[in-house]
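Chemist: Sequence:
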Amino acid sequence: MKGYPVMRGLVMRVGAVTIVAVGLCQASLGQDFFLADGQSWPGRILQARSTDVSAFFERSLTQPDGRIPKIRSITQLRDGRTVFCSGLDRSIMELTPGGERILHHGGYLARQVRTDSNGDLYWSGLETPIDGNPLPDGFIYKLDAATGQVHTLMTFSQGNLANDWWGAFDVRQGRVFVATLKQPSSIYEIIESMPRKLTTLPIGITAFRFQPDGSLLASDGRGKLIRFRDLSHPDTNELLLDSPVPFVDFVSVIR
201 MKGYPVMRGL
211 VMRVGAVTIV
221 AVGLCQASLG
231 QDFFLADGQS
241 WPGRILQARS
251 TDVSAFFERS
261 LTQPDGRIPK
271 IRSITQLRDG
281 RTVFCSGLDR
291 SIMELTPGGE
301 RILHHGGYLA
311 RQVRTDSNGD
321 LYWSGLETPI
331 DGNPLPDGFI
341 YKLDAATGQV
351 HTLMTFSQGN
361 LANDWWGAFD
371 VRQGRVFVAT
381 LKQPSSIYEI
391 IESMPRKLTT
401 LPIGITAFRF
411 QPDGSLLASD
421 GRGKLIRFRD
431 LSHPDTNELL
441 LDSPVPFVDF
451 VSVIR
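Under this note's numbering, read the sequence shown as residues 201 to 455, first letter to last.
Derived by calculation from the structure, the hints in this document are not laboratory data.
You may find that some hints are simply not true.
Stated by the list, open to error - In silico DSSO-like pairs for lysine-lysine, Cα to Cα no more than 30 Å straight-line: (1) Lys397 <-> Lys382; (2) Lys382 <-> Lys342; (3) Lys424 <-> Lys342; (4) Lys424 <-> Lys397; (5) Lys382 <-> Lys424; (6) Lys342 <-> Lys397.
What the hints assert, rightly or not - The calculated label-pair distances, taken between Cβ atoms and stated as ranges, are: (7) Gly414 <-> Leu288: 32 to 38 Å; (8) Gly374 <-> Pro329: 39 to 45 Å; (9) Arg278 <-> Thr352: 21 to 27 Å; (10) Asp430 <-> Arg396: 15 to 21 Å; (11) Arg278 <-> Ser357: 28 to 34 Å; (12) Asp331 <-> Pro444: 33 to 39 Å; (13) Arg455 <-> Ser357: 38 to 44 Å.
Even for Gly, the Cβ is constructed at its ideal location relative to N, Cα and C.
Could you build all of it, start to finish, from the sequences and the hints given here?
Modeler: This is the structure:
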(Lines of atoms letter the chains of each structure in order from A; the text may use other names.)
(Lines give C-alpha, C1' and ligand atoms only; values in the text may rest on other atoms or scores of the structure.)
Protein backbone atom coordinates (compact mmCIF):
# COMPACT_ATOMS: atom_id res chain seq x y z
CA MET A 201 0.00 0.00 0.00
CA LYS A 202 1.33 3.44 -0.86
CA GLY A 203 3.05 5.24 1.97
CA TYR A 204 3.19 2.24 4.33
CA PRO A 205 5.88 -0.17 3.12
CA VAL A 206 6.61 -1.39 6.68
CA MET A 207 3.27 -0.71 8.38
CA ARG A 208 2.89 -4.15 9.91
CA GLY A 209 6.24 -3.85 11.66
CA LEU A 210 5.31 -0.54 13.28
CA VAL A 211 1.68 -0.74 14.27
CA MET A 212 0.80 -1.42 17.86
CA ARG A 213 -0.01 -4.95 19.04
CA VAL A 214 -0.95 -6.24 15.60
CA GLY A 215 1.10 -9.36 16.10
CA ALA A 216 -0.91 -10.21 19.22
CA VAL A 217 -4.25 -10.15 17.45
CA THR A 218 -5.63 -13.43 16.18
CA ILE A 219 -6.07 -13.70 12.43
CA VAL A 220 -9.55 -14.93 11.67
CA ALA A 221 -10.92 -16.69 8.63
CA VAL A 222 -13.68 -15.01 6.67
CA GLY A 223 -16.61 -16.65 4.96
CA LEU A 224 -16.89 -15.46 1.38
CA CYS A 225 -20.05 -15.70 -0.63
CA GLN A 226 -20.27 -16.67 -4.28
CA ALA A 227 -19.42 -13.14 -5.44
CA SER A 228 -15.68 -12.47 -5.36
CA LEU A 229 -14.43 -9.44 -3.49
CA GLY A 230 -12.16 -8.50 -6.37
CA GLN A 231 -10.42 -5.93 -4.15
CA ASP A 232 -9.04 -5.53 -0.65
CA PHE A 233 -10.93 -3.61 2.03
CA PHE A 234 -10.05 -2.02 5.32
CA LEU A 235 -12.76 -2.62 7.92
CA ALA A 236 -13.44 -0.62 11.09
CA ASP A 237 -13.97 -3.07 13.94
CA GLY A 238 -16.22 -0.79 15.96
CA GLN A 239 -16.80 -3.25 18.80
CA SER A 240 -13.22 -3.99 19.85
CA TRP A 241 -11.56 -2.13 22.70
CA PRO A 242 -9.19 -0.66 21.77
CA GLY A 243 -10.35 -0.08 18.20
CA ARG A 244 -8.91 -2.07 15.32
CA ILE A 245 -8.57 -1.77 11.57
CA LEU A 246 -8.96 -5.12 9.82
CA GLN A 247 -7.95 -5.98 6.26
CA ALA A 248 -10.20 -8.19 4.14
CA ARG A 249 -8.58 -9.99 1.24
CA SER A 250 -9.97 -12.62 -1.08
CA THR A 251 -9.38 -15.42 1.42
CA ASP A 252 -9.24 -13.99 4.93
CA VAL A 253 -9.69 -11.09 7.31
CA SER A 254 -6.66 -10.15 9.41
CA ALA A 255 -5.66 -7.44 11.86
CA PHE A 256 -3.91 -4.44 10.30
CA PHE A 257 -3.75 -1.84 13.10
CA GLU A 258 -4.81 -1.60 16.72
CA ARG A 259 -4.96 1.63 18.72
CA SER A 260 -3.21 2.06 22.03
CA LEU A 261 -5.36 2.07 25.14
CA THR A 262 -3.35 5.05 26.36
CA GLN A 263 -4.66 8.09 24.50
CA PRO A 264 -3.80 11.71 25.37
CA ASP A 265 -6.20 14.65 25.61
CA GLY A 266 -9.26 12.55 26.37
CA ARG A 267 -9.30 10.79 23.00
CA ILE A 268 -11.37 7.59 22.94
CA PRO A 269 -9.38 4.53 21.72
CA LYS A 270 -12.08 3.29 19.34
CA ILE A 271 -12.31 3.19 15.55
CA ARG A 272 -15.82 3.63 14.17
CA SER A 273 -15.03 4.99 10.71
CA ILE A 274 -12.21 4.86 8.20
CA THR A 275 -11.30 6.34 4.82
CA GLN A 276 -8.25 6.80 2.60
CA LEU A 277 -6.83 9.87 0.93
CA ARG A 278 -5.83 9.78 -2.71
CA ASP A 279 -2.16 9.17 -1.84
CA GLY A 280 -3.07 6.11 0.23
CA ARG A 281 -2.93 7.69 3.68
CA THR A 282 -5.50 6.24 6.06
CA VAL A 283 -7.75 8.52 8.12
CA PHE A 284 -10.11 7.41 10.89
CA CYS A 285 -12.20 8.63 13.79
CA SER A 286 -13.45 7.02 16.99
CA GLY A 287 -17.03 8.20 16.53
CA LEU A 288 -16.96 9.26 20.18
CA ASP A 289 -14.69 12.32 20.24
CA ARG A 290 -13.87 15.37 18.09
CA SER A 291 -10.58 14.20 16.58
CA ILE A 292 -9.83 13.18 13.00
CA MET A 293 -6.80 10.90 13.07
CA GLU A 294 -4.22 10.00 10.43
CA LEU A 295 -2.39 6.67 10.43
CA THR A 296 1.32 7.13 9.71
CA PRO A 297 4.22 4.65 9.52
CA GLY A 298 5.07 5.68 13.08
CA GLY A 299 1.56 5.33 14.52
CA GLU A 300 -1.31 7.81 14.65
CA ARG A 301 -1.48 11.58 14.77
CA ILE A 302 -4.21 14.21 14.93
CA LEU A 303 -5.17 15.61 11.53
CA HIS A 304 -7.90 17.88 12.93
CA HIS A 305 -9.65 18.46 16.25
CA GLY A 306 -12.81 20.44 16.94
CA GLY A 307 -16.47 20.79 16.03
CA TYR A 308 -19.17 18.30 16.90
CA LEU A 309 -18.46 14.64 17.69
CA ALA A 310 -16.92 13.19 14.51
CA ARG A 311 -19.03 10.19 13.47
CA GLN A 312 -17.79 9.16 10.01
CA VAL A 313 -15.03 10.17 7.58
CA ARG A 314 -15.14 10.16 3.80
CA THR A 315 -12.96 11.28 0.85
CA ASP A 316 -14.20 12.72 -2.43
CA SER A 317 -12.60 11.90 -5.78
CA ASN A 318 -10.73 15.24 -5.81
CA GLY A 319 -9.04 14.45 -2.49
CA ASP A 320 -11.18 16.63 -0.22
CA LEU A 321 -11.80 15.09 3.21
CA TYR A 322 -15.23 15.18 4.85
CA TRP A 323 -16.65 14.08 8.17
CA SER A 324 -20.06 14.05 9.77
CA GLY A 325 -20.69 15.72 13.11
CA LEU A 326 -23.42 14.88 15.59
CA GLU A 327 -23.70 15.36 19.33
CA THR A 328 -25.09 12.56 21.48
CA PRO A 329 -28.54 13.48 22.85
CA ILE A 330 -28.80 13.62 26.63
CA ASP A 331 -31.64 13.48 29.15
CA GLY A 332 -34.05 11.98 26.63
CA ASN A 333 -33.77 14.88 24.21
CA PRO A 334 -34.20 14.20 20.46
CA LEU A 335 -31.23 13.88 18.14
CA PRO A 336 -29.72 17.30 17.34
CA ASP A 337 -29.23 18.58 13.81
CA GLY A 338 -26.49 17.04 11.73
CA PHE A 339 -23.36 18.70 10.33
CA ILE A 340 -20.98 17.87 7.49
CA TYR A 341 -17.46 19.30 7.66
CA LYS A 342 -14.97 19.63 4.82
CA LEU A 343 -11.18 19.84 4.73
CA ASP A 344 -10.16 21.32 1.39
CA ALA A 345 -7.28 19.30 -0.07
CA ALA A 346 -5.91 22.29 -2.00
CA THR A 347 -5.89 24.82 0.85
CA GLY A 348 -5.92 22.70 3.99
CA GLN A 349 -8.77 24.82 5.32
CA VAL A 350 -11.64 23.30 7.31
CA HIS A 351 -15.17 24.67 7.24
CA THR A 352 -18.75 23.59 7.92
CA LEU A 353 -20.17 22.49 4.58
CA MET A 354 -23.80 22.07 5.61
CA THR A 355 -26.25 21.39 8.39
CA PHE A 356 -29.67 19.75 8.19
CA SER A 357 -32.59 18.90 10.42
CA GLN A 358 -33.17 15.47 11.94
CA GLY A 359 -36.88 16.09 11.54
CA ASN A 360 -36.45 15.61 7.79
CA LEU A 361 -34.68 12.28 8.32
CA ALA A 362 -37.19 10.52 10.57
CA ASN A 363 -35.03 11.58 13.56
CA ASP A 364 -32.75 8.63 12.77
CA TRP A 365 -29.48 9.98 11.32
CA TRP A 366 -26.43 8.96 13.32
CA GLY A 367 -23.70 10.13 10.96
CA ALA A 368 -23.69 7.67 8.03
CA PHE A 369 -22.91 9.55 4.81
CA ASP A 370 -20.95 9.54 1.56
CA VAL A 371 -19.70 12.19 -0.87
CA ARG A 372 -19.45 11.78 -4.65
CA GLN A 373 -18.17 14.69 -6.76
CA GLY A 374 -19.32 17.17 -4.16
CA ARG A 375 -22.78 15.65 -3.71
CA VAL A 376 -23.60 14.62 -0.14
CA PHE A 377 -25.68 11.55 0.68
CA VAL A 378 -26.83 10.38 4.11
CA ALA A 379 -28.52 7.26 5.47
CA THR A 380 -30.77 6.59 8.41
CA LEU A 381 -29.81 3.80 10.80
CA LYS A 382 -32.78 1.67 11.75
CA GLN A 383 -34.04 -1.09 9.49
CA PRO A 384 -35.04 -0.37 6.85
CA SER A 385 -32.44 2.34 6.19
CA SER A 386 -33.24 5.09 3.72
CA ILE A 387 -30.67 6.93 1.61
CA TYR A 388 -31.08 10.63 0.88
CA GLU A 389 -29.20 13.25 -1.10
CA ILE A 390 -28.85 16.55 0.78
CA ILE A 391 -29.58 19.47 -1.55
CA GLU A 392 -29.39 22.96 -0.03
CA SER A 393 -29.76 21.42 3.44
CA MET A 394 -32.92 19.54 2.43
CA PRO A 395 -32.97 15.74 2.01
CA ARG A 396 -34.31 14.09 -1.13
CA LYS A 397 -34.97 10.37 -0.72
CA LEU A 398 -33.24 8.12 -3.24
CA THR A 399 -34.20 4.68 -1.98
CA THR A 400 -35.08 2.54 1.02
CA LEU A 401 -32.93 -0.54 1.49
CA PRO A 402 -34.29 -3.86 2.82
CA ILE A 403 -31.78 -3.78 5.71
CA GLY A 404 -30.45 -1.42 8.36
CA ILE A 405 -26.94 -0.14 7.59
CA THR A 406 -24.12 1.48 9.51
CA ALA A 407 -22.13 2.71 6.49
CA PHE A 408 -22.38 2.95 2.71
CA ARG A 409 -20.27 4.02 -0.26
CA PHE A 410 -21.17 4.74 -3.86
CA GLN A 411 -18.92 3.02 -6.40
CA PRO A 412 -17.60 4.41 -9.72
CA ASP A 413 -20.00 2.14 -11.62
CA GLY A 414 -23.00 3.64 -9.79
CA SER A 415 -23.58 0.69 -7.49
CA LEU A 416 -23.79 1.03 -3.72
CA LEU A 417 -21.88 -0.96 -1.10
CA ALA A 418 -23.30 -1.06 2.43
CA SER A 419 -22.39 -2.69 5.73
CA ASP A 420 -25.01 -3.98 8.13
CA GLY A 421 -22.81 -3.58 11.22
CA ARG A 422 -22.85 -7.32 11.87
CA GLY A 423 -20.19 -8.47 9.41
CA LYS A 424 -21.90 -8.34 6.02
CA LEU A 425 -20.91 -6.17 3.06
CA ILE A 426 -23.66 -6.00 0.45
CA ARG A 427 -23.73 -4.59 -3.08
CA PHE A 428 -26.83 -2.90 -4.52
CA ARG A 429 -26.38 -2.51 -8.26
CA ASP A 430 -29.67 -0.73 -8.94
CA LEU A 431 -31.17 1.50 -6.25
CA SER A 432 -34.52 1.42 -8.01
CA HIS A 433 -34.59 -2.32 -7.18
CA PRO A 434 -32.85 -2.57 -3.78
CA ASP A 435 -34.32 -6.01 -3.07
CA THR A 436 -31.97 -7.32 -5.75
CA ASN A 437 -28.53 -7.36 -4.15
CA GLU A 438 -25.52 -9.56 -3.58
CA LEU A 439 -23.46 -10.45 -0.54
CA LEU A 440 -19.78 -9.61 -1.07
CA LEU A 441 -18.38 -10.37 2.36
CA ASP A 442 -19.59 -12.28 5.40
CA SER A 443 -17.04 -11.71 8.16
CA PRO A 444 -17.06 -13.50 11.51
CA VAL A 445 -15.82 -10.22 12.99
CA PRO A 446 -18.49 -7.49 12.92
CA PHE A 447 -17.46 -4.20 11.33
CA VAL A 448 -19.21 -0.84 11.16
CA ASP A 449 -17.38 0.86 8.27
CA PHE A 450 -15.21 -0.07 5.31
CA VAL A 451 -13.08 1.40 2.52
CA SER A 452 -11.46 -0.07 -0.58
CA VAL A 453 -7.67 -0.21 -0.13
CA ILE A 454 -5.74 2.17 -2.37
CA ARG A 455 -2.63 0.52 -3.79
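Chemist: Hint by hint, note whether the structure agrees.
Modeler: Hints, one by one, checked against the model:
1. Lys397 <-> Lys382: Satisfied, since the Cα-Cα distance of roughly 15 Å is no more than 30 Å.
2. Lys382 <-> Lys342: 26 Å, holds
3. Lys424 <-> Lys342: Holds - the C-alpha atoms of Lys342 and Lys424 are around 29 Å apart, at most 30 Å.
4. Lys424 <-> Lys397: Cα-Cα ~24 Å, so holds.
5. Lys382 <-> Lys424: Holds, because 16 Å separates the two Cα atoms, which is no more than 30 Å.
6. Lys342 <-> Lys397: OK: Lys342 and Lys397 at ~23 Å, within 30 Å.
7. Gly414 <-> Leu288: 32 to 38 Å: 33 Å, holds
8. Gly374 <-> Pro329: 39 to 45 Å: Distance hint for Gly374, Pro329 is violated at roughly 30 Å.
9. Arg278 <-> Thr352: 21 to 27 Å: Once the Cβ atoms are compared, 23 Å apart, the range 21 to 27 Å for Thr352 and Arg278 holds.
10. Asp430 <-> Arg396: 15 to 21 Å: With a Cβ separation near 18 Å, Asp430 and Arg396 satisfy 15 to 21 Å, so the hint holds.
11. Arg278 <-> Ser357: 28 to 34 Å: 32 Å, holds
12. Asp331 <-> Pro444: 33 to 39 Å: 38 Å, holds
13. Arg455 <-> Ser357: 38 to 44 Å: 40 Å, holds
Consistency with the previously given hints fails for number 8 only.
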